[in-house]
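Visitor: Take a look at the letters that make up each chain.
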Amino acid sequence: MEMLASLLPAGVATHAPVLIVVVPLIAAALAAFMPKGVWAWGVAVATSVIVAVLAFGLLGQVGVHGVVSYEVGGWAPPHGIEIRLDSLNVPILLLLGVLGVLSLIYALPSVADEVSKKQQSLFYSAFLVCFSGLIGVTVAGDAFNVFVFLEISSIATYTIIAMGVGKDRRALTASYNYLVLGTIGATFFVIGVGFLYMATGTLNMADMAAVLEQQGHNRVTQAAFAFIVVGLGLKAAMFPLHVWLPNAYAFAPNFVTAFLASTATKVAFYALVRFVFSIFHPDVAFVSMSFTWLFAVVGVIAMMVASVQAVFQTDARRLLAYSSVAQVGYMMLGLGMGTAAGLSAGLLHLMNHALMKGALFMALGAFALNFGVRQVKDLAGLGKTMPASAMAFTVAGLSLVGVPLTVGFTSKWYLVSAALDRGWWWAVAALMISSLLALAYVARLLAAIWMENPPSHHGEVAQRRLAPWMMVVPMVTLAAANVYFFFHADPLVGLARAAAEAVMGGR
Amino acid sequence: MVEMLLERFNYIPIIILMMTGLYVVIATGNLVKRLVGLSLFQTSVFLLYITIGKVFGGQPPILAEGHGDEGGHGADAGYAGAEAAVAHAAEGHETPATDGHEAADAHGATDAHGDAGMDAGHAADAVADHGADHASDAAHGAADAAGHAAEVLYSNPLPHVLILTAIVVGVATLAVGLALVVRIREAYGTIEDDELNAADYSVETGGSV
Amino acid sequence: MSPHLILRIVSKLLIPLIVVFGFYVHFHGDFGPGGGFQAGVIIAVAVILYALIFGMDEARRAVPPIVVRYGAALGVLIFVGTGILTMFMNGAGEPLNFLDYDALHPDQSHHSGQHYGILLVELGVLCTVTSVMLAIFYAFAGRVPDIKDEDW
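Going down the list, the protein sequences come from chains A, B and C. Numbering-wise, the working numbering puts 317 at position 317 of the first sequence, and it's gapless, one number per residue. Numbering-wise, the working numbering puts 2 at position 2 of the second sequence, and it's gapless, one number per residue. Numbering-wise, the working numbering puts 48 at position 48 of the third sequence, and it's gapless, one number per residue.
So that you can see chain A by itself, here it is in the shape it has in the complex:
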């Protein structure tokens, strides 16, 4: 940790908490100036590398100091705007940084294919705004800034999802529906924050927690809790509020899907954990009741229903999108256990799921680039025509099922053991059934890829056509990470455990 902490030069290290938000914002403006898409891409890649380095540096700082607080403009909290980093949000920053780098390397060939030349630099600019917003949500120390950054990232997300219109006009309606639901979610969230402000007279999250602990809860804070859970649940695609997700992921440009699937819902889930655990406290009666009767139940239903829906999809990306909804259910179940073990298992699954879905969506993007594959049946024979991508897809797919030797197994193992600690046998049963369902839909994809022969057009069998190396390298890296972190689980498990302890052991 000391080594990581000294990663950044002294001047940068003090300002790192704010630079990590500001650098992508500057880059977004710079990217808009670029006359060529490639240059804007260069700016974006450089930015994501800087963000990843800053995230590692901050991880070191948090490891040494515990909590890193930065006063924007020199105004001290609780009145001033605070940027606050602790063991809970630093892993999310790390996830954003690393997946940002990998998906941006992947982006160049993919975006060149899907977005028209004239729009590319604005596309990268919008992406960087979204990136900056997601980072902002993660680091913000006051509740209203969480809303502002959430909306910054969401509005940018609507536009970059709609850029999928080059391939399929349904991207427009998907983006529109996401906009309507996302705005309702954000407005619910802001109502909740307003109620909390009424009850506590402060917007700083740490201060809110202190005031709430001192004065106790009443009906206003209960209403705030309900509004915030619904609002953030919508952004995190918590089960009945997930309807925007499948189409948005299915019709966005492939690069956008790969990035969003591995980060956007995760950030919203982080915000939910922050509010539920840090501001409201699991010891409070109505919060602990919501764990058992809301989060766990909703999580289990999501694991079942969304997996069943995934089995019957014909569009490959929509299949994986429904699977994402099911995976959010796993995280909700972990959260709903209300114990440190459960929460850390949920957070571990959050990180592992980012690794799997990143690789899966990237591989699908490569298939789409070379052969225009969108449907499950079109995957036929890709094991022969695009072996590297197909291998990466297979490893990540097995990880999604939870086969041993992959990280999917690790996080499900921790979820099961946390459920057993709690005595929740039904949750274990649900995990098993959901894994079987996952096996069913992943097997459909893998069977098409490996068992069937490449399609032939006019008697000519499709030839081997490898994806560009810029697409292969990130997805193979992610697939390899899926295996690596099974054997070396300690770093990720350690991060998840520290995160859970940071919020659970607060009082």
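These aren't lab readings, by the way, just hints derived from the structure by calculation. Every residue gets a Cβ at the ideal spot worked out from N, C-alpha and C, and that includes glycine. Fair warning: there could be bad hints in the mix.
To be verified - Partial selection, computed: residues in chain B whose CB lies under 10 Å from chain A:
hint : residue
1    : 3
2    : 7
3    : 19
4    : 22
5    : 162
6    : 165
7    : 173
8    : 197
Assemble the complex: chain A is given as a structure, and chains B and C must be docked to it using the hints.
Guide: Okay, now just chains B and C, sitting in the frame of chain A:
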């Protein structure tokens, strides 16, 4: 019952607007009308925030004229006065600040950047809140001292600032939403939800549009 | 003779005044109600009025869409640049934080830096708001062909 409602009369139009907006979003099939409903819904939340910033008898939160030397320097004096206010409030003094600079220096202001609007606002809302006596003594001190600096009681400006931000967010959302509607109309030739669904469905099932 | 002579002459007189008023609102934001956001909208209104009276093509010649795009980005750079500047200009010699305007002027006791800081930041806001308002207007108004003078 009636009395309880009358005490909270400000919430009634807000709730009506909120429900109307949400209903429009759900009930209408027209994409533009749905955005109208969405804006209505957001506006009701703006009103909610504005009403919680109201302090009875409070002035609009603009620093009053006539304190300090002249022109631009007036604001400086205001700053200093507010710092003094914070310093006093922090130490529980009730004596009004006579000389802004000296008071601030002498008491070693805890918050080197004490800002009139913000602190008075924080204080005022703590007073106005439902029995939240979070630092209410200190808050009274700050309110008194800041009040002395301008001889008036201000409404809480913080919700207004928040809502200014939220309005900008709302405008941006509306603009993006309308831009999407324009593109949808160009791509599909309609902005009615059921016709869009029919068009998409026929694509998915392989039929012609 | 142009068919909208009165409209055109009146608006030609008005547009500079609107812009001046916009700047007044911007600089007045330091002492009272006003500021970059409102000023930006007012200045954008001047261009929109021009477009309404003289047509989209004329407006696009006066303020090309590429200027609008760069203007929006430039505003963000001014805003963030101010913040970055405060990190490097240590007014009092001690390290200051992002957007701590005190760094911009050595006179710490009067917080003169606060004035410069807020003006700079609001200038960025003005730049972006004007550009974004125009971008929205161009995006929507440019979608359909202009109405010809004869069709009025």
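Visitor: Hints first: check each against the structure and report whether it holds.
Guide: Against the structure, the hints come out as follows:
The interface hint given for residue 3 of chain B is violated, since its Cβ lies 18 Å from the closest Cβ of chain A, which is over the 10 Å cut-off. Taken as an interface hint, residue 7 of chain B does not check out: its beta carbon lies about 15 Å from the nearest beta carbon of chain A, beyond 10 Å. Below 10 Å, beta-carbon pairs count as interface contacts, and residue 19 of chain B has none with chain A, the closest being about 13 Å; its hint is therefore violated. For residue 22 of chain B, the interface hint holds, the least distance from its beta-carbon to any beta-carbon of chain A being 8 Å, beneath 10 Å.
With 10 Å as the threshold, the beta carbon of residue 162 of chain B comes within range of chain A, its nearest partner Cβ sitting at about 5 Å, so the hint holds. Hint status for residue 165 of chain B: holds, given a least beta-carbon distance of 6 Å to chain A, under 10 Å. Contact between residue 173 of chain B and chain A, as hinted, is supported at the beta carbon level, the nearest pair being about 5 Å apart and thus within 10 Å. Look at residue 197 of chain B: its Cβ gets to within about 9 Å of chain A, closer than 10 Å, so that hint holds up.
In summary, the numbered hints that this structure violates are 1, 2, 3.
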